[in-house]
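Q: Spelled out from the first residue to the last, the chains are:
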Amino acid sequence: GDSVTQMEGPVTLSEEAFLTINCTYTATGYPSLFWYVQYPGEGLQLLLKATKADDKGSNKGFEATYRKETTSFHLEKGSVQVSDSAVYFCAGGSQGNLIFGKGTKLSVKP
Amino acid sequence: NAGVTQTPKFRVLKTGQSMTLLCAQDMNHEYMYWYRQDPGMGLRLIHYSVGEGTTAKGEVPDGYNVSRLKKQNFLLGLESAAPSQTSVYFCASRQTSGNTGELFFGEGSRLTVL
Chain A
1 GDSVTQMEGP VTLSEEAFLT INCTYTATGY PSLFWYVQYP GEGLQLLLKA
51 TKADDKGSNK GFEATYRKET TSFHLEKGSV QVSDSAVYFC AGGSQGNLIF
101 GKGTKLSVKP
Chain B
1001 NAGVTQTPKF RVLKTGQSMT LLCAQDMNHE YMYWYRQDPG MGLRLIHYSV
1051 GEGTTAKGEV PDGYNVSRLK KQNFLLGLES AAPSQTSVYF CASRQTSGNT
1101 GELFFGEGSR LTVL
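Note that the protein sequences, when read in sequence, are chains A and B.
First residue of the first sequence: 1, per my numbering; consecutive thereafter.
First residue of the second sequence: 1001, per my numbering; consecutive thereafter.
Bear in mind the hints are in silico, worked out from the structure with no lab data behind them.
Wrong hints could be hidden among the right ones.
Claimed, not checked - Here are the computed lysine-lysine pairs in the DSSO-like style, where the Cα-Cα straight-line distance is at most 30 Å:
{"no.": "1", "chain 1": "B", "residue 1": "K1009", "chain 2": "A", "residue 2": "K102"}
{"no.": "2", "chain 1": "A", "residue 1": "K56", "chain 2": "A", "residue 2": "K105"}
{"no.": "3", "chain 1": "A", "residue 1": "K52", "chain 2": "A", "residue 2": "K109"}
{"no.": "4", "chain 1": "A", "residue 1": "K60", "chain 2": "B", "residue 2": "K1014"}
{"no.": "5", "chain 1": "A", "residue 1": "K52", "chain 2": "B", "residue 2": "K1057"}
{"no.": "6", "chain 1": "A", "residue 1": "K102", "chain 2": "B", "residue 2": "K1057"}
{"no.": "7", "chain 1": "B", "residue 1": "K1057", "chain 2": "A", "residue 2": "K105"}
{"no.": "8", "chain 1": "A", "residue 1": "K77", "chain 2": "A", "residue 2": "K109"}
{"no.": "9", "chain 1": "A", "residue 1": "K109", "chain 2": "A", "residue 2": "K68"}
{"no.": "10", "chain 1": "A", "residue 1": "K77", "chain 2": "A", "residue 2": "K105"}
{"no.": "11", "chain 1": "B", "residue 1": "K1070", "chain 2": "A", "residue 2": "K105"}
{"no.": "12", "chain 1": "B", "residue 1": "K1014", "chain 2": "A", "residue 2": "K52"}
As the list claims (entries may be wrong) - Okay, the calculated bits of chain B under chain A, using three or more residues with CB under 8 Å as the criterion:
{"no.": "13", "region": "1016-1022"}
{"no.": "14", "region": "1102-1114"}
Bear in mind that the values here come from a model prediction, so they are computed numbers and not experimental data.
No residue lacks a Cβ here, since even glycine has one placed at the ideal position from N, Cα and C.
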């Protein structure tokens, strides 16, 4: 079945540092891929998505590129802010239901 | 602009008690889901529904039942609560049947079973 594996945290960075959170997937078809973000005490909300190979999703300075050859969808941001502190989930699916990674907690220090 | 609303937000139960979590969405979405979130486990799908009157099992359905009598509501029931069901429960909905549609989440319901 489909699966999503993402880098486990926690990740602690200083403000303005570069962020990468790795995500790889296995799927029988060609899944859409998503990054969701969960701020403390809230539900998950969509950060960005890509629906086919070589697509790049972007939002709020975050980017991720759908790499079919490496089955990856790594999340990157060039300069993180304290307000980016949250838990990030990679998700994907090719059969209607999304499979979520275990989440990566990011803490950004001033 | 409510989106997905879950009630209650917090609940404490004793082992063996029953309860129902209610999820309501006002976006006319066809698909609705119940997930549980546990530390180090991410989100795991309990049950889901592809339309009014339908339900299906997800990854971890044991100990839970669901009903979708109205399109806008998806109920999650625990008939006899166990400490292993202590978790944060999230409801979500989406419109499309394919794999491109965005999931919209509620704010979560924190359940503690003593």
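Q: Next step is simple, just say for each hint if it's right about the structure.
A: Checked hints:
1. This hinted pair checks out: K1009 (chain B) and K102 (chain A) have alpha carbons roughly 23 Å apart, not beyond 30 Å.
2. Taking the CA atoms of K56 (chain A) and K105 (chain A), the gap is about 23 Å. The hint holds against a cut of 30 Å.
3. With a C-alpha separation of about 35 Å, the suggested pairing of K52 (chain A) with K109 (chain A) is violated against the 30 Å cut-off.
4. Pair hint K60 (chain A) plus K1014 (chain B) does not hold up; C-alpha atoms about 43 Å apart against a cutoff of 30 Å.
5. Between the alpha carbons of K52 (chain A) and K1057 (chain B) the distance comes to roughly 28 Å, so the proposed pair stays at or under 30 Å and holds.
6. Distance check on the hinted pair: K102 (chain A) and K1057 (chain B) sit about 20 Å apart at the alpha-carbon level, within 30 Å; holds.
7. With a C-alpha separation of about 29 Å, the suggested pairing of K1057 (chain B) with K105 (chain A) holds against the 30 Å cut-off.
8. A threshold of 30 Å between alpha carbons decides the hint, and for K77 (chain A) with K109 (chain A) the separation of about 15 Å falls inside it, so the pair holds.
9. With a CA separation close to 34 Å, the supplied pair K109 (chain A) and K68 (chain A) exceeds the 30 Å bound.
10. Between K77 (chain A) and K105 (chain A) the CA atoms are separated by roughly 15 Å; this keeps the pair inside 30 Å, and the hint holds.
11. The hinted pair formed by K1070 (chain B) and K105 (chain A) fails the criterion: a straight-line CA distance of about 36 Å is larger than 30 Å.
12. The suggested pairing of K1014 (chain B) with K52 (chain A) is violated, with an alpha-carbon distance near 47 Å, which exceeds 30 Å.
13. Evaluation of the coverage hint for the region 1016-1022 of chain B: breached, as 0 residues show C-beta separations to chain A shorter than 8 Å, against a requirement of three.
14. For the region 1102-1114 of chain B, the stated coverage by chain A holds: 6 residues have a C-beta nearer than 8 Å to a C-beta of that chain, and at least 3 were required.
Checked against the numbered hints given earlier, this structure breaks hints 3, 4, 9, 11, 12 and 13; the rest are met.
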